[in-house]
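Numbering of the sequence shown is given in the UniProt record's numbering, commencing with residue 1 and proceeding in unit increments.
I should point out that these hints are in silico values taken from the structure, not numbers from a laboratory. Fair warning: this is a prediction, and the values are worked out from it, not measured in the lab. Ideal Cβ placement from N, Cα and C applies to all residues, glycine included.
Using C-beta positions, here's what the derived DEER-type ranges look like:
1) L136 x R108: 23 to 31 Å
2) K106 x R129: 20 to 28 Å
3) K97 x S28: 38 to 46 Å
4) S45 x K124: 54 to 62 Å
5) S41 x N114: 41 to 49 Å
6) E102 x K124: 26 to 34 Å
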Amino acid sequence: MAGFKLNVKLENWSGCVRVEKTAKICKSICKVYGDAAAGKSIVRSWFAKFKAGELSCADDSLSGRSSKLYEGVSKGKIETNLNITARELADELEISKSTAHEYLMKSRCISRYNVWVPHKFSEKNCLDRYSVCDILLKRNESMFFLKQHVTGNEKWIVYQSVVRKLS
Numbered sequence: 001m002a003g004f005k006l007n008v009k010l011e012n013w014s015g016c017v018r019v020e021k022t023a024k025i026c027k028s029i030c031k032v033y034g035d036a037a038a039g040k041s042i043v044r045s046w047f048a049k050f051k052a053g054e055l056s057c058a059d060d061s062l063s064g065r066s067s068k069l070y071e072g073v074s075k076g077k078i079e080t081n082l083n084i085t086a087r088e089l090a091d092e093l094e095i096s097k098s099t100a101h102e103y104l105m106k107s108r109c110i111s112r113y114n115v116w117v118p119h120k121f122s123e124k125n126c127l128d129r130y131s132v133c134d135i136l137l138k139r140n141e142s143m144f145f146l147k148q149h150v151t152g153n154e155k156w157i158v159y160q161s162v163v164r165k166l167s
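Start from the sequences and build out the full structure, keeping to the hints where you can.
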């Protein structure tokens, strides 16, 4: 289970080093902390650590690139260049492409026509949309778009009579 932390004194674990069966210890841990507390593979890895002399159940630090990124840096990059792609952002900040894409999504931006725009409209955006809709509605009232193109009740039907010859 991810995020499971075991708060037990080291004196309680010193006896576990001598026990050979991990299944027995796993059952006793699950009795105390619940069925999803620890699996057999986790207990086996703890036993391997205990036999090596390490009596800590804390996770080791991971190697590789850090996925931490300051939100201000990524937000500043997006604001300065709205046409930036996730790959370009990842290259500039030296992070993975998926992490850069996650930060773009967390910043509440969506890509529309290769430009990152805020997902939530500001008041100016709402007013612009309202004015464009109003202009289009007024244009339709004056020009009658449908009356220009619908001419009457003509029907154009194309018949294809395929004649099959028996051979």
